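Whole structure, please, built from the sequences with the hints as guidance.
In this note's numbering, each residue carries its 1-based index in the sequence shown increased by 1393.
Derived from the structure by calculation, the hints contain no laboratory data.
A couple of the hints might just be wrong.
[Said to hold, decoys possible] Only pairs whose alpha carbons sit at most 25 Å apart, straight line, appear in this in silico SDA-like list of lysine to any residue:
#1 1416 with 1430
#2 1474 with 1399
#3 1416 with 1453
#4 1416 with 1460
#5 1416 with 1502
#6 1482 with 1399
#7 1416 with 1470
#8 1416 with 1432
[As the list claims (entries may be wrong)] Listed next, with one range per pair, are the computed distances between beta-carbon atoms:
#9 1430 with 1497: 28 to 36 Å
#10 1490 with 1446: 34 to 42 Å
#11 1430 with 1396: 37 to 45 Å
#12 1438 with 1410: 38 to 46 Å
#13 1439 with 1396: 42 to 50 Å
#14 1398 with 1439: 35 to 43 Å
#15 1446 with 1397: 28 to 36 Å
#16 1511 with 1480: 40 to 48 Å
#17 1507 with 1409: 24 to 32 Å
#18 1438 with 1483: 51 to 59 Å
#19 1513 with 1485: 40 to 48 Å
#20 1412 with 1494: 20 to 28 Å
In this text, all values refer to a predicted model and were calculated from it rather than measured experimentally.
No residue lacks a Cβ here, since even glycine has one placed at the ideal position from N, Cα and C.
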Amino acid sequence: MKLWLNPEIFNNIAISLSEYRWKLLAWSVFSFLLFSVLQQQVTQTTPSMLIWLVIFILFSALQTLVFASFIFFFQVLPSSKVQNEPWFKFYRSIEWCETILFGFILPLPTLLFIYAFVMI
1394 MKLWLNPEIF NNIAISLSEY RWKLLAWSVF SFLLFSVLQQ QVTQTTPSML
1444 IWLVIFILFS ALQTLVFASF IFFFQVLPSS KVQNEPWFKF YRSIEWCETI
1494 LFGFILPLPT LLFIYAFVMI
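Next comes the structure, spelled out in structure tokens:
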């Protein structure tokens, strides 16, 4: 049975995107700073378009932070470097926990933005 969510697939994706990891992290920091600046400008008489722009910036900052952390976590699998069987099982279980965790976390900021857009 071939699983579409496993550490090797995430590792291959992270390796293919590894050149973007620092750019994504920088964009995330920049977006959080921009969100902080724009949040100070939002008042009661602010147009709703500016409010949605601020919310979009926040969720895009979260999404790029999640992508960057995904690349950092899965760029190198520790289980591929160890030769000892107990350590291999230990690292492998950690990698599976990370896979399950990122399986939920990767789409979460986008889904939350869509939920906010629909509910507000």
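These are the hints, each one checked on the structure:
no.	hint	result
1	1416 with 1430	holds, 21 Å
2	1474 with 1399	holds, 17 Å
3	1416 with 1453	holds, 14 Å
4	1416 with 1460	holds, 11 Å
5	1416 with 1502	holds, 19 Å
6	1482 with 1399	holds, 15 Å
7	1416 with 1470	holds, 22 Å
8	1416 with 1432	holds, 24 Å
9	1430 with 1497: 28 to 36 Å	holds, 31 Å
10	1490 with 1446: 34 to 42 Å	holds, 36 Å
11	1430 with 1396: 37 to 45 Å	holds, 43 Å
12	1438 with 1410: 38 to 46 Å	holds, 42 Å
13	1439 with 1396: 42 to 50 Å	holds, 47 Å
14	1398 with 1439: 35 to 43 Å	holds, 41 Å
15	1446 with 1397: 28 to 36 Å	holds, 35 Å
16	1511 with 1480: 40 to 48 Å	holds, 47 Å
17	1507 with 1409: 24 to 32 Å	holds, 26 Å
18	1438 with 1483: 51 to 59 Å	holds, 57 Å
19	1513 with 1485: 40 to 48 Å	holds, 43 Å
20	1412 with 1494: 20 to 28 Å	holds, 24 Å
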